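These protein sequence lines are chains A and B, in that order.
Its first residue numbered 1, the first sequence is counted upward by one per residue in the working numbering.
Its first residue numbered 1, the second sequence is counted upward by one per residue in the working numbering.
Derived by calculation from the structure, the hints in this document are not laboratory data.
Accuracy of the hints is not assured; some may be wrong.
As the list claims (entries may be wrong) - Not everything, but these chain B residues come out facing chain A in the computed CB check (under 7 Å):
1) A75
2) A113
3) I133
4) K253
Note that the structure is predicted; figures quoted are calculated from it, not measured.
A virtual CB, placed ideally from N, CA and C, is assigned to each residue, including glycine.
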Amino acid sequence: MMVTRRALLAASGAALAAPALAQGEAAKVGLILPMSGPFASTGRQIEAAVRTFLRMSGESHGGKKLEIVLRDDTGVAPDVTRRLAQELVVRERVRFLAGFGLTPLAFAAAPVATEAKVPMVVMAAATSVIVQRSPFILRTSFTLPQATMPIAEWAAKNGVKSAATLVTDYAPGLDAERAFKERFTAQGGQVPLELRTPLRNPDYAPFLQRVRDARPEALFIFVPSGEGAALMKQFAERGLREAGIRLIGTGDVVDDDILNDMGDAALGVVTSHHYSAAHDSAENRAFREAYGQVASNARPNFMAVGGFDGMRLIAEGLKKAEGNLDGERLLAAMKGQSWMSPRGQITIDANTRDIVQDIHIRRVERRDGQLWNVEFDRVPQVRDPGT
Amino acid sequence: MVTVLIDGVASGMLLFVLACGLSVTLGLMNFVNLAHGAFGMAGGYVCAVLLNRYGVPFVPALLAAAVFAAAVGVALERTLYVRLYGRDHLDQVLFSIGLVFVASATVDWLMGARQQLIQLPAWLSGRVEWAGIGIGRYRLFLILVCGAIAAALHLGLVRTRFGARLRAAVDDGVVARGLGIPVNRIFAVTFALGSGLAGLGGALGVEVLGLDPAFPLKWLVHVLIVVAVGGANTILGPFLAALLLGVVDVAGKYWVPQLGAFAIYTAMVLLLLARPQGLLAKAAAR
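If we strip away everything but chain A, and leave its shape as in the complex, we get (with noise of 0.2 Å):
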């Protein structure tokens, strides 16, 4: 009687565990974006991206599902970002780390994916040191420099001798105006005035009258993404551009995601960047139009890109690894993978475990009644400077 029973909870047991086992362990990524708060264009865009690539590619790679689980750290406090890492390293078990829309975020996880031997791959965050702050991070977004450099030498080549800049006081602004200055001026440039705005309470007028009243040939600007279009509005009615002074910036002050809504102001910026959604490839229009049917005809910007790629990178991964989930087998496999990216040609170097891309100068022009970044010349395969 006993061991009828006994047999009988283990048969059972048996039929419980058989499909589990069957369909293999899921691979879990966890993705920790800012979806509220300041910041949270930034998350809503990696995160349909993220959407957008399991649906052009299916959720099975290298014989693992992926399963993504995602966590909102509000974008403003880098200890919820830490916390939300440990809980999903320790109970949910996850295989990836991703998203980290700002750089403190993701310098507050970094310690975990050590720690955990959990690769990392950051999608949004983009000052050049954070690759530095674990052996696990993967970076596919893209470097402030890396994204600067190329305007100043644009800017330099094509007849402007003085730029004035224009940045915001925190961190990633001054990175900006460090690296256009270093290279604008290696070039035969002259930087006459630089200005910091504060972070909070930005009122432009007073900065750009300052500037209009400088007369330099060019304004290079950097932003946070939101804050271009009130930037680009104030330096249309101050008259700057009758001054005769161009307008130049990295991508960020003229992000796809809220272009639209400026208006006529934006009307020819030239920026350098590494993503505008009127790149002109197979695999961006492709790209496009799932994004489209994923975040009701949204338009991806070079956040959502940072998504995209990073998934893939996952997913290859996952491939190369065959489906092995150990933390260093599955970096080893990431690092130095190469494809074409909808942005274009992409490496992530084997050293650096930073990108490596294109780099392209774009100016915003009207097609169809809609306002687009057009490229028109292209810096191929540049590297962050700082690496």
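Place chain B on chain A using the hints.
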């Protein structure tokens, strides 16, 4: 030089319209309403939504923003604020700052966290050159509108019957009630007026100050500075204070950009050291 001055005056005027409602509730009704900026935010969003989604022209959108903020003000005053008139200031501060968080979260949920952008009509964009001085048309518009509001408020409080009743109600509510003055109704109307003005200020400010769910907290400090420096029981005091701070802020950013936003705080400290009761207040008034 003159351009900088005019920019400063325009931004000061805008600050005044945003802040004067607070100086009324704080100075006249003796109620600390830190949620004042939330009414400004409400006005701003109404204006932006009407302009962008429904194609309403700019001026009607401004008026709608003011009316909406005033209506919200009345509703909240009747249901919530009225319970706190008699309580001490700490309760009022805690309550109203809580209201700010509720308002910000609501707006975040409804509209998203990104900056709201509006397109000004053609007659307000661009700038006019006049005797070699370039002035933005919108700044000029701000100065005219806000100046008119300030004048109307001042006259209304000093010259009209309503103004006299309001001052009486504030000075001694019990006696005023005894004389047949409907104190509660007067307070409600005043509160609505203050909220409506904040709503108008928020709507006017979308183009200059920006607008996102953090708006009430971002500008709370500036609004409080205006009220603190101006003294909280006149219209003229905060008006002068707002002008002064606007000019100092803009001029500071123009000539000493390294200081960034710090000029305005320096000015506040100096002014408060010189006149701790506010710009126009008589030292022994209270």
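We went through each hint and held it up to the structure:
The beta carbon of A75 of chain B comes no nearer than 27 Å to any beta carbon in chain A, farther than 7 Å, and the hint placing it at the interface is violated. Contact between A113 of chain B and chain A, as hinted, is supported at the beta carbon level, the nearest pair being about 4 Å apart and thus within 7 Å. Using the Cβ-Cβ criterion of 7 Å, the hint placing I133 of chain B at the interface with chain A is not satisfied: the shortest such distance is roughly 11 Å. Interface hint status for K253 of chain B: upheld, as the beta-carbon distance to the closest one in chain A is roughly 4 Å, under 7 Å.
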